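Engineer: One-letter residues, chain by chain:
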Amino acid sequence: MLSRARPGLLSPNLRRHVPPSSQQRRLLNHFISRPEHPIEPPPPPPLPDSQAPQRFTLAVKDNIATTSPLPTTCASSILAGYTSPLEATIVTQLRTRGALLSGKTNLDEFGMGSHSTHSAYGPVSQDLDPKTSAGGSSGGSAVAVASGQVDLALGTDTGGSVRLPAAYTGVVGYKPSYGMISRYGVVPYANSLDTVGFLSKSISPISNLVIGSEGRGLWAEHDPHDPTSLSPSARKRCAAQREGYRQPWHGSRNKIKFGIPLEYNMAELDPRIRTAWAETAALLQDTFSARIVPVSLPSTKHALAAYYVIAPAEASSNLAKYDGVRYGQRDENAATDAAAGGVLYAATRGKGFGEEVKRRILLGSYTLSSEAMDNYFIKAQKVRRLVRKDFNRVFALENPLHAPETFELSELPETVEMEDKWGPEEVDFLLCPTAPTLAPRLKDLENKSPVDAYVNDVFTVPASLAGLPAISVPMPVAEADGQGQAGLQLIGQYWDDARLLAVADVVAKMLQR
Amino acid sequence: MARIPTAELSRYLLSGQINRQGCLRLRRTPFLPRRPPCHNIRPLSTTTPPTSPAVVVVPLRKQLKDQAKALKSSGSSPRKKKKNSDNQTVPGWELTVGIEIHAQLNTSRKLFSPALVPESSLEEKPNTHVSPFDLAIPGSQPLFQPDTLIPAVRAALALNCEIEPVSYFDRKHYFHWDQPAGYQITQFYHPFARHGKIVLYSRDGIAAEDGDRIEVGIQQVQMEQDTAKTLAQPGGVNWLDFNRVGVPLIEIITRPEIHHPATAAALVRKVQMLLGAVDACTSGLEAGGLRADVNVSVRRPGEDKKLGQRTEIKNLSSFKAVEDAIIAERDRQIAVLEAGGTVAGETRGWSLGGTETRRLRGKEGEVDYRYMPDPDLGAVVIGKDLVEFLGRSMGVLPDEEVEGLMGRYGLTAKDAMALMLLDEGGRVEYFYEVLGELEGRLGGEGKGEGSYALLAANWCLHELGKLTEGEDAEPRTGLVTEFVAAGDLAAILYHLHRRKITAKTAKALLWGVFNCEVAPGGVTDAIERGGLWFQELSEEEYAMLADKVVEGEEGVLAEFLRFKQGKSKGYPQGKLMFLVGKMMKMGPEQNLDPASVKRVLGERIEGVYLPQLEGEEK
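Respectively, the protein sequence lines represent chains F and X.
Just so we're aligned, residue 1 is where the first sequence starts under our numbering, counting upward by one.
Just so we're aligned, residue 1 is where the second sequence starts under our numbering, counting upward by one.
It should be emphasised that the hints constitute simulated quantities derived from the structure, not laboratory data.
A couple of the hints might just be wrong.
[Stated by the list, open to error] Which chain X residues face chain F? A few, computed with CB under 8 Å, are given here:
no., residue
1, Pro126
2, Asn127
3, Ser131
4, Pro132
5, Leu135
6, Ala136
7, Gly182
8, Asp376
9, Val381
10, Tyr432
11, Gly436
[What the hints assert, rightly or not] So these bits of chain F aren't anywhere near chain X, every CB distance computed over 12 Å:
no., residue
12, Ser204
13, Leu269
14, Glu314
15, Val325
Being a predicted model, the structure only gives us computed values, none of them experimental.
Every residue, glycine too, gets a C-beta built ideally from N, C-alpha and C.
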């Protein structure tokens with residue numbers, strides 16, 4: 001049981017509330033490009049009854065396209081100096097809603113990494129002494145928010161790239177349902193998983209934009225430029241099956257059921273995080289009479305492997321275009337470049353991509369090759385279905401994108417308690433840590449293998465594979481030298497974003513009390 | 001014979017717009033706007049990569065050089081080449097061929113972007129028809145253009161395919177500078193059409209060994225993107241024109257069921273005719289809107305159970321090249337096998353006018369395309385109602401049409417086929433147009449459709465052909481039908497049919513129209529002003545002239561007598577024609593009708609001269 005009197009545990013970490021000096025900020029290396037003055041939003045349309053939108057400062061991850069004067073580099077040498085002719089739909093949408101563009105933030109090259117260290121512009125850190133990982137790949141955006149420089153930052157979340165940095169830096173990171181926010185102008189890493197994500201110190205700025213009021217939130221806006229953006233009719237249909245879109249959700253809290261995925265209590269989980277997780281669950285039960293239900297997601301153990309097959313496969317395809325012919329830096333001096341019998345792009349790509357990107361291109365090229373396709377890519381897609389099926393089984397709400405499924409009780413582990421003869425209790429949200437560890441020091445990462453970094457994504461990847469909304473809110477943990485930050489993740493059923501944000505807001509406030 | 005143009009159909013099906021002129025019900029072709037003739041047609045690009053960039057771009061000069069080399073290597077003194085028709089089989093060996101045909105769909109927009117497809121007839125400025133997606137600008141996404149489905153489904157229906165209700169797009173990866181994304185979007189795992197077939201008849205030009213009729217299965221038809229155009233510049237520099245990137249193509253893959261080279265060429269020709277007939281395709285093989293790759297293997301029937309190792313010959317750009325390349329590759333493979341070697345699975349090339357295929361790249365140079373479903377693109381769902389509608393509105397297909405031309409109008413198979421194939425289907429539409437005009441003019445008197453329809457067909461085919469291809473032909477750019485309005489030809493034929501002018505006058509008038517000496521619509525005026533009306537001699541005048549002609553031709557008349565008396569077997573037609581010729585020369589030609597001359601001469605010989613001769617004998 002949680003003792004609320006324990007000092008330090010639930011009170012905010014004071015150290016983090018001291019804003020870093022501007023010189024210190026520069027050393028954090030979280031921006032790739034910054035205009036001298038924030039770029040003004042376009043003048044609002046001359047509607048008689050339209051109020052001027054409230055202005056806010058916005059940082060944009062550098063793999064989301066902005067037009068001149070801000071380049072879009074994806075933190076890759078291959079796109080050094082590249083300025084996009086098009087502006088991402090989400091940037092346009094936020095600018096018309098009053099965003100002042102403060103700069104483009106650093107990231108792991110093309111979004112591939114978990115600590116924002118694989119960048120052509122150098123690694124990002126959230127602290128200087130010792131240098132601490134800001135998480136990745138949207139580490140620059142997380143630091144821009146955590147350091148108080150911007151009100152809101154855009155990131156991209158393919159397998160946890162918004163939630164993980166949010167957890168490490170102690171801010172809110174939200175990944176919407178796949179297909180809700182337009183990806184047009186987001187440089188793809190793995191299209192079937194990529195989503196635009198939002199980072200902020202609290203939830204309300206995010207939910208004001210995404211959910212809004214009277215159906216004016218971003219959730220209602222279909223983008224005809226993005227073929228995976230849900231159609232207006234599908235949006236309406238999904239929202240009709242959900243609460244919180246037409247009017248703010250004030251549902252009775254004691255009816256909310258939180259599922260605790262048994263499989264997430266794994267050996268690699270930091271005991272401090274495990275404790276904080278358990279205490280949070282207990283606190284929810286005590287404070288709000290919420291129901292805490294153990295649930296089973298048996299496919300979790302394969303989800304990470306499936307993710308690291310699918311994402312690199314799509315990445316190897318998406319990154320094929322960077323050959324130096326139309327944009328990016330072309331290595332014209334290389335011996336093999338277009339020489340007789342040589343390959344025009346080999347030197348360009350060899351020089352332009354960083355090690356992690358090359359690793360994933362090779363991984364993806366292999367898993368798509370005719371000899372490996374069936375054993376890797378196809379298998380991974382099957383696992384992906386199982387992961388989605390797991391979620392559909394534990395959530396009380398149906399997934400509006402798929403026909404209702406039936407589930408075999410025999411597939412469940414015996415540890416799962418049955419509610420009645422029909423099966424285990426169904427839940428509204430899943431409650432779990434965002435990452436298994438606290439933010440590591442950059443120095444400690446140096447001798448780790450790439451696979452160690454991949455393990456960080458183990459709790460965030462399942463929601464990405466299933467396209468579900470998920471949010472990470474700061475969760476204080478007890479540390480020997482005082483107090484640290486971890487992330488608490490809430491996962492909801494597809495398109496249950498409005499309720500997820502509302503409930504997460506309550507939980508986040510409870511944890512910061 | 002009723003075809004609705006693809007563009008019109010798209011407007012109706014996708015935007016609900018109905019043509020103002022009437023409903024979409026079948027209309028006769030003559031009233032359809034004809035497709036503008038294509039000048040400056042750009043060739044369809046290759047969609048498959050070379051191992052080394054040097055192979056793919058074959059500038060014209062190099063191509064000519066290759067051709068010259070190929071000719072030279074075939075021996076300094078040109079050997080007498082075996083005629084293809086005598087070279088369809090090699091004893092002891094069975095040839096098997098499968099064909100892949102790429103055709104550009106007739107649509108206004110690209111497959112995955114709303115950018116307009118450049119007009120092939122216009123000299124478009126490079127890189128003016130390009131959307132961000134066509135250039136693979138980072139962050140851009142594909143937007144499937146449903147309009148492209150209409151010609152695609154029509155093409156598949158014309159090839160008797162089953163339309164898949166759900167199909168998907170896949171990425172086919174390979175690097176080449178003409179491929180901006182590093183992959184081509186195609187349909188590998190789930191194409192939109194499968195299990196089709198093409199029926200080929202002897203009139204289609206199949207090998208005699210295949211008999212009167214042969215069926216070739218179509219494995220699948222898939223939609224895919226075209227690539228950019230490379231403009232080679234001096235100094236090893238290549239310029240890229242991305243206008244063509246993403247233009248929709250279909251790839252038609254036949255089953256390996258062809259066993260004779262001529263049949264393979266006939267199949268490609270027939271596919272072109274079918275695609276043209278349903279308005280699915282912009283232009284034909286020779287004009288560059290179509291491209292064929294052939295897979296060739298040989299085996300000893302009876303001995304080899306499985307098909308032999310195949311090789312692929314890419315980018316064949318004429319029907320003759322298809323046949324010649326298959327013969328050459330067959331002979332090469334047989335020679336290799338008979339010498340105890342093995343055929344390597346490889347890609348080979350063919351130069352126009354060559355005698356041998358040449359190796360482009362081997363198996364080790366093959367690219368693993370790493371096919372992957374495109375994660376941005378959802379399924380293509382084709383409704384049954386659309387398929388049914390397109391099936392109903394497709395009109396008459398070429399086979400039925402050829403049979404109509406033969407059965408209804410009495411054309412020979414050869415002429416019917418020629419009419420269908422000329423100007424990529426434009427000539428037969430022109431014929432209908434002329435026929436329609438002619439019928440309009442004849443009104444009720446046009447009894448015996450056969451007579452004037454055959455006349456119109458002959459003129460549309462042969463007399464029109466002489467303007468640009470005969471001895472007196474003059475070279476012109478553009479189709480001959482552009483210079484002779486259907487109405488003017490119909491006017492000439494109207495007078496000719498009613499015997500108001502002679503054939504000679506009619507031909508002169510045609511030249512006049514062609515050379516713009518006769519103003520459009522001014523045929524009748526020209527006859528009037530030139531006094532060209534045919535004033536035929538009276539029967540008496542004909543008889544008097546005939547009497548003059550046979551003077552001193554007793555020897556000739558004797559031949560007729562011998563026939564009459566049963567002393568010779570055949571009617572002396574030649575002698576009759578000799579007399580006709582003599583009479584035409586002797587008389588006032590502008591007043592003579594050869595048919596009348598022949599008739600009168602025949603009657604006079606039978607009724608007057610022979611009895612006279614018989615009388616003399618007695």
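Engineer: So, for every hint listed, does it hold in this structure?
Structural biologist: Hints, one by one, checked against the model:
{"no.": "1", "hint": "Pro126", "result": "violated, 14 Å"}
{"no.": "2", "hint": "Asn127", "result": "violated, 11 Å"}
{"no.": "3", "hint": "Ser131", "result": "violated, 10 Å"}
{"no.": "4", "hint": "Pro132", "result": "holds, 6 Å"}
{"no.": "5", "hint": "Leu135", "result": "holds, 6 Å"}
{"no.": "6", "hint": "Ala136", "result": "holds, 4 Å"}
{"no.": "7", "hint": "Gly182", "result": "holds, 2 Å"}
{"no.": "8", "hint": "Asp376", "result": "holds, 5 Å"}
{"no.": "9", "hint": "Val381", "result": "violated, 14 Å"}
{"no.": "10", "hint": "Tyr432", "result": "violated, 42 Å"}
{"no.": "11", "hint": "Gly436", "result": "violated, 45 Å"}
{"no.": "12", "hint": "Ser204", "result": "holds, 29 Å"}
{"no.": "13", "hint": "Leu269", "result": "holds, 32 Å"}
{"no.": "14", "hint": "Glu314", "result": "violated, 6 Å"}
{"no.": "15", "hint": "Val325", "result": "violated, 5 Å"}
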